[in-house]
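J.: Sequences and hints are given; from them, build the entire structure.
For the protein sequence lines, the chains are A and B, in the order given. Number 272 in the numbering used here belongs to position 272 of the first sequence; there are no gaps in the numbering. If you want the numbering used here, it's the position in the second sequence, counting the first as 1, plus 298.
Hints should not be assumed to be uniformly reliable.
[Claimed, not checked] Stretches of chain B that chain A covers, calculated by requiring three or more beta carbons in the stretch to come under 8 Å of a beta carbon on chain A:
{"#": "1", "segment": "383-396"}
{"#": "2", "segment": "461-469"}
[As the list claims (entries may be wrong)] Rough simulated footprint, nothing fancy, chain B against chain A, three-plus residues with beta-carbon under 8 Å:
{"#": "3", "segment": "131-138"}
{"#": "4", "segment": "179-189"}
{"#": "5", "segment": "203-209"}
[Claimed, not checked] Keeping only pairs whose Cα atoms sit at most 20 Å apart, straight-line, the calculated SDA-like set for lysine to any residue is:
{"#": "6", "chain 1": "B", "residue 1": "Lys310", "chain 2": "B", "residue 2": "Leu482"}
{"#": "7", "chain 1": "A", "residue 1": "Lys171", "chain 2": "B", "residue 2": "Phe382"}
{"#": "8", "chain 1": "A", "residue 1": "Lys136", "chain 2": "A", "residue 2": "Lys171"}
{"#": "9", "chain 1": "A", "residue 1": "Lys171", "chain 2": "B", "residue 2": "Leu480"}
{"#": "10", "chain 1": "A", "residue 1": "Lys171", "chain 2": "B", "residue 2": "Pro373"}
{"#": "11", "chain 1": "B", "residue 1": "Lys452", "chain 2": "B", "residue 2": "Thr495"}
{"#": "12", "chain 1": "A", "residue 1": "Lys136", "chain 2": "B", "residue 2": "Leu480"}
{"#": "13", "chain 1": "A", "residue 1": "Lys136", "chain 2": "B", "residue 2": "Thr481"}
Derived from the structure by calculation, the hints contain no laboratory data. Glycine included, each C-beta is placed from N, C-alpha and C at the ideal position.
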Amino acid sequence: MRIATRYAATLAAAAIALTACSSDAGDQAEDAAENTAEVNTDAEFEAGTTMAELNEAGSITIGTKFDQPGFGLLNPNTNTPEGFDVEIGKLIAAELGIEADDIEWTETVSANRESFIQNGNVNLVVATYTINDTRKQLVDFAGPYYEAGQDIMVAEGNPEGIEGPEDLAGKNVCSVEGSTPAENIRTNYPEAQLTLFDVYSKCADALRNGQVDAVTTDNVILTGLVEGGQGAFELVGNPFTEEPYGIGLALGDTEFRNWINDVLEEAFEDGRWADAWDRTAGAITGQEAPEPPSVDRY
Amino acid sequence: MQFFVDNFDLLKDAFLQTLSLSLLAGLLALVLGTLLAAMRVSPIAPLRWLATFYVETFRNTPLTVVFFFMIFGLPQIDFVIDFFTGAVLSVGLYTAAFVCEALRSGINAVAAGQVEAARAVGLTFGQTLREIVLPQAFRTVVPPLGNVWIAMVKNTSIAAGFSVTELSAVLPRLVNADAGDLTLVLVGVVAGYLIITLPSAFAVHRLERRVAILR
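T.: Spelled out as structure tokens, the structure:
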């Protein structure tokens with residue numbers, strides 16, 4: 001009898017703990033729901049277009065990064081990504097009449113974005129995806145919705161006195177193999193010694209160990225690393241390229257592309273874009289939302 | 299074809315990097331593996347324990363973790379080695395454990411009477427091992443050592459993630475530059491590995507037939 005009582009008490013305690021947990025999760029979900037864009041339930045589209053198909057299906061698959069603080073970072077508690085790219089994706093989905101909960105998020109990394117779009121694994125890619133001419137031959141781009149730039153991260157206090165890419169000559173510079181910033185250093189600043197890993201977190205480790213003098217890539221990625229470095233790193237803050245981030249979609253779907261461009265321009269106008277920035281990337285950098293870029297209808 | 303012409307230098311350098319990484323790590327693994335095998339059958343207990351500890355540590359650790367330790371762990375205790383040396387050490391030390399175990403199976407396959415006869419005529423342990431046991435053991439383990447070598451050549455691809463521009467590292471670079479040629483990039487990289495592994499397999503087969511002993 002006594003044992004039974006004890007078990008009952010334990011069970012009750014566990015039940016209380018579980019309820020407490022789930023109500024917390026509920027609160028978070030509610031908060032998230034309040035923040036996301038209002039779903040356009042009356043959205044209507046011409047039959048046969050991609051917009052109509054997605055609206056009909058009531059769901060959309062969007063590829064984003066899962067390892068990019070401020071833009072697309074997987075929240076292990078909710079198992080959904082969070083960030084500026086994710087908010088842009090939600091904004092488009094909302095205009096299609098799709099709830100944020102009905103978006104299926106797929107992780108895309110730099111090397112598989114084109115093939116995921118071409119193979120139809122995803123409807124859209126919003127993943128710090130730089131628009132360039134080579135990529136335009138394989139996929140179509142809406143946007144840009146943000147203009148990033150390549151920058152340099154150095155150890156705290158900048159012991160090597162690196163102020164710009166010209167100062168990288170003879171220095172060990174870390175980046176990721178197969179990335180556009182690495183290619184830029186290789187062709188335009190050949191005197192810099194490139195150290196190439198497969199992920200940026202290894203570059204941060206190498207910088208911390210003093211194995212490299214600097215890390216270079218888009219400023220948004222570096223921002224995330226500076227944040228994670230807890231005071232060990234600092235950003236030079238002198239962007240030397242223009243990296244327009246676009247939304248990737250299937251090649252030749254011009255109607256869909258034009259429609260997304262319209263949605264983006266609306267969001268630039270009515271402040272939803274700046275609002276998304278303030279809640280995500282802006283919250284990390286502490287910087288105000290920049291001027292929105294102008295959409296490139298090529 | 300134009301693709302291969304355009305990127306020939308890059309592919310060639312990457313191939314040479316994979317080849318030199320394989321050869322250096324393979325040499326290290328062979329020498330260290332033989333030493334470890336000798337330790338594992340030695341009459342001195344602490345040597346046996348040490349070798350067993352080494353083998354079980356490296357054989358049961360993922361190679362990526364060994365790499366992480368070499369490249370990012372050692373600098374934490376102020377021991378900085380360059381990335382290529384780190385890659386050679388990682389692959390070599392890891393593979394030595396497998397060489398040791400393959401060789402030990404060969405040593406165990408040598409008939410006990412051989413060792414007894416050698417000791418009876420007054421050879422020391424070292425002499426018995428060098429003159430009698432190892433020559434027979436190596437002949438027996440040519441096929442498994444060939445396996446270990448081929449697996450090791452492919453394992454060098456992990457160095458791509460640790461700042462060594464070998465064949466696999468070329469994959470993301472070329473794909474990023476030109477995602478349209480994905481298939482050609484893959485063909486080029488795979489061909490690079492095959493140039494090393496196929497002749498190896500052939501050579502192992504030839505060697506196996508030449509040194510085979512009849513029992």
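J.: If a hint holds in the structure, say so; if it doesn't, say that too.
T.: To see whether the hints hold, each was checked on the structure:
no. : hint                : in the structure
1   : 383-396             : violated (count 0)
2   : 461-469             : holds (count 4)
3   : 131-138             : holds (count 4)
4   : 179-189             : holds (count 4)
5   : 203-209             : holds (count 3)
6   : B:Lys310 x B:Leu482 : holds (15 Å)
7   : A:Lys171 x B:Phe382 : holds (18 Å)
8   : A:Lys136 x A:Lys171 : violated (34 Å)
9   : A:Lys171 x B:Leu480 : violated (32 Å)
10  : A:Lys171 x B:Pro373 : holds (19 Å)
11  : B:Lys452 x B:Thr495 : holds (9 Å)
12  : A:Lys136 x B:Leu480 : holds (16 Å)
13  : A:Lys136 x B:Thr481 : holds (19 Å)
Violated hints for the displayed structure, listed by number in ascending order: 1, 8 and 9.
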